[in-house]
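Asks: If you want the building blocks of each chain, they are given just below.
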Amino acid sequence: MIRTEELLLNVGPQHPSTHGVFRIVVKLDGEIITEATPVMGYLHRGTEKLAENLNFTQIIPYTDRMDYVSAMTNNYVLCHSVEKMMGLEIPERAEFLRLIVMEMQRVASHLVWWGTYLLDIGAMSPFLYAFSDRERILQLFNELCGARLTYNYMRVGGVKWDAPDGWIDRVKTFVKDMHFRLDEYHNLVSGNEIFLSRIKGVGQYDAQTAIDYGLSGANLRSTGVQWDLRKTEPYSLYDRFEFDVPVGKNGDCYDRYLCRMEEITQSLRILDQALEQFPGEGDTMGKVPRAIRPPAGEIYVRIESPRGEIGCHIVSKGKAEPYRLKFRRPSFVNLQILPKLLVGESMTNLVTILGGIDIVLGEVDC
Amino acid sequence: MSDDNKREEDSAAPAPAAGDTPAAPAPAAEGDAAPPKRKETDEEKAARRKAALEAREAAKAAAAQAAAQAAQTAQTAGAAGDSAEGSEPQDPPKPPSPNQPRLDRVVALLRELVAEDAVEEAYINEPNDHLPTLVVKNDRWLQAAGLFRNHAELGCNYLRNVSGVDYETHMEVVYYPLSLESRHVYCVKVKADRENASVASVTPIWETANWNEREIYDLLGIDFPGHPDLRRIMMPDDWVGHPLRKDYVPLDPEV
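Line order of the protein sequences matches chains A and B. Sequential numbering from 8 applies to the first sequence in this note's numbering. Sequential numbering from 1324 applies to the second sequence in this note's numbering.
Any given hint could be a false lead.
Unchecked claim - Which residues of chain A face chain B? A few of them, derived with a C-beta cut under 10 Å, are:
| hint | residue |
| --- | --- |
| 1 | Thr216 |
| 2 | Val232 |
| 3 | Ala298 |
| 4 | Pro301 |
| 5 | Ile306 |
| 6 | His320 |
| 7 | Phe339 |
| 8 | Val340 |
Don't read these hints as lab results, they were simulated from the structure. By construction, the Cβ of each residue, glycine as well, lies at the ideal position given by its N, Cα and C atoms.
Make a model of the complete structure from these sequences and hints.
Replies: Below, the structure is given as structure tokens:
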């Protein structure tokens, strides 16, 4: 007689495959998960509460620490919403610089995801490849604003630093190299039998479920829904460039993988065009009043971050500090579907599915 | 002429031109041997400042004159016309927002299918891309949400964001439903009393509201009856108080 009983297993908050301080309590029947309960808040710093006592320029560094893998897009969503409230004009050169760094950030962010995801699944070397390429982007950011991770680069009205001499050319060189590196990555991983059998058909959901759960980014597009805010509700200068929105079909981990890889290609395509059209001279800061006080009112601004729709909801009472600042964080919303996906899966797939959603805990907990 | 001299001349040139007044004294005679450089630039600076100031004054005077003239013509026009508006010169009426018909339609639908008094307020939030904004009566919200989600004309299948705001006089939950097909987005607000704040949960309608409502409950203390699993999500389970409320007293103000 084999006696079986339910096993309660705690994963995290320090387990490396949880990509931060995420904890999940799973109930196991043998190898099969019967119930999963995520536990969050280990990285909750109260950014929204802190912001109520800071002026808008002071909040920008806090946004760096939300999605710390993609700080540039976080900078942008805050600055952009304040600019929209105040009706500020941004000089073209500044907007180009913002767009270029945002797309570079998208590439860097997807590279981190690619490397760590494969590491989760058990492939060691892609991680090293990915981080060596990401290093080049971080180096370029370092030249631009003196930081490798928490840039604090954008300001309400423009950007803090102009590109140093030769920076645009160095980015061009990087983009050129990256096209080849991507082909190499596809050769290395995308057709690998073991990899495919680990992720094909795993963590599958349909478009209706994705929409119900409010998923965004590659999580939504992998089901075939063509929804990329850069295309559907264009902001910045995205309507000037040609690029495609890659969509999947099956909504499984494999399609999410392909979507993200193709997004890197499309980002490089945008970068190619933006670097070509980059204005030779111009201001990097628009005309901004000395004190940044958005008029009383309310605004919700959303942009496409590497993880999906990041939004900023500001309630202003005409003061230098926001009355209420709420961030819609894509990781937080996307993670909701996890318990549903895990039920009925084997324990080994927990890491595959969690990694496929692509979360950053700084953003989940905020 | 040396390079330095040229630059000085360049910087001096725009001042009188911009000022358009005779006040700016001519720069030191060109033919002279170069005087001490520091002094000259100071003089130039003073001249430029003076010129700019005068120009500004002149522009202000011109603007005032123009305004007075406009007011006068407006007044005469008002007197000539039948409709006697206030004597204050009025801005021309704003063109109606492109989203006004959409807002009117939603209000009509809610009044017809939910309740006559379902909409407390409806306006266009202009800085936010002319966002149609509605305030829905608290006890009609669940029905209204169902209408947003299921009505063929609205079809808001995607709830993009839920926020809670403490306005000190009342609490407010702000929803942003969106239709992925028509790409129409709305802003719907539901008000609640500050004491025992409660807003019907829309998790049965949009699954994505689940954690958002938990977060609002945790940080703002708004109850969501109908929620399947309303627990704290960010703060520890034994935490006292709701940090984002304006009257929240931190445990240790030093931190």
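Asks: Check the structure against each numbered hint from earlier and tell me which ones fail, lowest number first.
Replies: 3
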